[in-house]
Amino acid sequence: MAAPDIKFTRFVLFTNGLVPAILLAWDAYHQKLGANPIEFATRATGVLTLVFLFITLAVTPLRKLTGANWLVKFRRMLGLYAFFYGFLHLLTYVWFDKFFGAREIVEDVWARPFITIGMASFLLLVPLAITSTKGMIKRLGGKRWAKLHKLTYVAAIGGVIHFYMGVKADTTIPITFAVVLAVLLGYRWVKGRMDAATKNSTLGIQTPPR
Amino acid sequence: MLIKKPDDIKSSEITDKKYYLTRRNFMRGAAFAATTAATTFVYRRFAVPASPPVKGEKIENVQTAQAAESFPPPPGEAQTSYEEITNYNNFYEFSTGKSEVAGAARGFVTRPWTVAVEGMVQKPKVFDLDDLLKIAPLEERVYRMRCVERWSMVIPWVGFPLAKLLQQVEPLGQAKYVAFQTLLDPKRMPNQRTDVLEWPYVEGLRLDEAMHPLTILASGLYGETLPPQNGAPLRLVVPWKYGYKGIKSIVKITLTDRQPPTTWNISAPDEYGFYSNVNPRVHHPRWSQAKERRIGEFSLRDTLPFNGYGEQVAGLYAGMDLKVNY
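Protein chains in written order, with my numbering: chain H, -1 to 208; chain X, 463 to 788.
The hints are simulated quantities; they were obtained by calculation from the structure and are not laboratory data.
Please read these numbers as outputs of a predicted model, since none were measured by experiment.
Ideal Cβ placement from N, Cα and C applies to all residues, glycine included.
Wrong hints could be hidden among the right ones.
[Unchecked claim] To be clear about the criterion: a stretch of chain H counts as covered by chain X if any three or more of its residues have a C-beta under 8 Å from a C-beta of chain X, and this derived list gives those stretches: (1) 29 to 41; (2) 97 to 108; (3) 154 to 168.
This is chain X alone, in the form it adopts within the complex (with noise of 0.2 Å):
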């Protein structure tokens, strides 16, 4: 840094000090340095927080090759970056807001943890979380996620079929859907206390959607283990359906053979139904679902069928009207 001398500038130069610093203007910088700094401050306190580091543990032995053969990620489309997928997040149990999820779910306790797994089945079981993850050996899968608000991301999930899971388990021949529950634990998850949404998040599949290999239980993302805010230990990713179909933090998962209720569903039927799969062609009643916005982009895209996974599961809905069962 430059220092002038001080005989750099005449003392002649200098304004005499009673000129500029009458009380008067004095008052007045006061005031409106006050108030600017007041203004900025309210405003600061609604932006966008700055975000938490996270960091996973490290995942071992994933396995990559036998994902990329049958389920190659998307092509040409870049993976959304850690730092955005870890920042914003649907997770109502923790925040509303999509910006504050990571930093209201800090220090989420993940063990111990079980996930009890029973109704029509014939082999009804409470694993543990560590043993739960031995079942089959975790894949990458790199998949979109479509959020039924108009944003979507490109995320390498670690997981294995949920399928695997339900084998062990055997289920019954009258069982036609799976239902699917989050912890329910407003000590630990501050946000259930309001009542945004009934609690505990409750989802559910037909039991074909939760047999098909691209549905998934995920247990990280980017080689680790997801962070609280996407879901800790144990999620549930279904790429053809909007996001909210991914519950989190699953403790239960049900046979059954009703259709079981859903939480979007419950709180506003008309616009989130039971399938809700990705549907350009059917809007949402506020909104139009024809394009997207990837994260990290500037412009739209289009939001594909079945999110683009349409080769693989259109067959599921074989007959079906899409609007009506949407």
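Next up, chain H with everything else stripped away, as it sits in the complex (with noise of 0.2 Å):
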């Protein structure tokens, strides 16, 4: 595949990556988010968080399928939303649930297993958004960052547990995200053991991983 215009596709990323923000305030603004409209903007920025993890998850596996490498270019972008989303969600609930209160915030994460992973898979976020810049990449050093960005797969399924905890018996939409989620991880590990299997053998002739 051949690469496209980086810059101009940043830039449509970029919007798209917006567009369910402003449709939300849109909404809002509009009084159109139903009778709760702050459970609905809860789950709604909790659901986008996960999805735009899934996606930033999604290009190394689509890079290795397809050999468009320049999918790596995007990769930041997309997690900084899935960061972006997953602030929007905590605020929601610090603000609009807990109005700010530090003791009942403490006592939810202290005392609810449900709030309690949510909490730490959004806070793994924050170290992989802080050392996203290419000075941190450089400072860190490339197998350094890359091994602490690999919290994203923690963050991605303390947030898909958090996600199945919060409903109360229609679990189908957890369910599938976690479906989504074992592909993505599958795929890494699977693709790690052929790898490593192509390295270590002694055989000369070695069967293409199908």
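Could you use the hints to bring the two separately framed chains together as a complex?
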């Protein structure tokens, strides 16, 4: 696949990433979020966090499967969008649910695994957002940086568990998310094993991975 | 609309087409428009659906005075709007999305409808709904409704005390509990084809709770017959308990000597007990029950013990540990 105009594609992706936030704000302003707007906003931003995390996690498999290495140029922006929606999600909780009541928040995080896991998953994204700049990658060194950013996997798993725990009985959507995540992470695991097998193989001929 | 005459703009000022409509720019514009439109479309599919207007039939001869004397509506608490009451529902037989129930329940047929009242009673009977609604005068009861999910409403129900119906069938001495059952008909309640809950939905009360004057069978709200999404044609309202105790579209009521199974308790026993009394001190494992969001309000309200009906009902639970019997 030929590389597209990176600058322009980046602009298109940036705009598209912002579209849900704009629509959410627009609907909120026009009172079109239903009877419980805050619940809707919390749910929407939560789902969007996972969606952007998943798109970010899809970059590597897509690159390897299609050979379109330029895809990696968009990964930082996608990851930062996951952080952005995660931040909004947390904000709806801290502001509209707890009204910045520190004691209540601490109590919630401490006593309720549902909240603990959600909060931990978001906090894991913070160092990743901070170290997303070119300068930081240089300072950390590519290998260490890559290792650190594997935390994305943990955050995504935590996010899905948090989503699953948040629903009362209808787990269809959280389970769908879990399956997608399993594919995204499963690909890496399988690919890693195959690569290792190729490397360690003493045989000269290796069947191509299929 | 003002349309400028062509000669407002000198022809020399019009940018030549070839400068802005190059193929490249056109393709870029198209890509930009197509992707944002697609993103908008996908987002919109998951946004809150537009609410279909509903209208019940006017119920004649609703008595308000009698109810107002013994059960004053919550003072200083505005009634939740009809639109919000009828578009934000938990009724899993139709949909698990609270904003989707109204659309999914549209056209639900509630006539003919019978309610069997049986079990440990002197005179078991299958009531035709229209006869059942003539057992006692219909009253307007303005009650708080507190959902276990931390939101609440103030709803002007139309109904009559459950006790009046139970008196008709004459419970036997050994009857200690009342069990309720929702219609089971996946053709009319399409989400019963899924297994999100065990169907049919069942609920239960202790006999003294069922006989309490606050406990009503409701057939309407805001002076009109219940829309399907609110539990048409007949539902239970127990205002001091979490909303899910208010079983909807009732077809069977059974008196029994054993504590009957209840749907949410079967689904998650550690989260939903048999009693399910509103209690700001007994928390749901996943969230605090100390506060609630009144629909239509921005800030949270403190949740009241027994949803504010403690004066009337706390006596029913004298000596009981409400942390154990949640």
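Status of the hints after comparison with the structure:
Requiring three or more residues with a Cβ within less than 8 Å of a Cβ of chain X, the coverage given for the segment 29 to 41 of chain H holds, as 8 such residues are present. With 4 residues having a beta carbon nearer than 8 Å to a beta carbon of chain X, the segment 97 to 108 of chain H meets the requirement of three or more and the stated coverage holds. Residues of the segment 154 to 168 of chain H lying with their CB closer than 8 Å to a CB of chain X number 5, which satisfies the three-residue condition for coverage.
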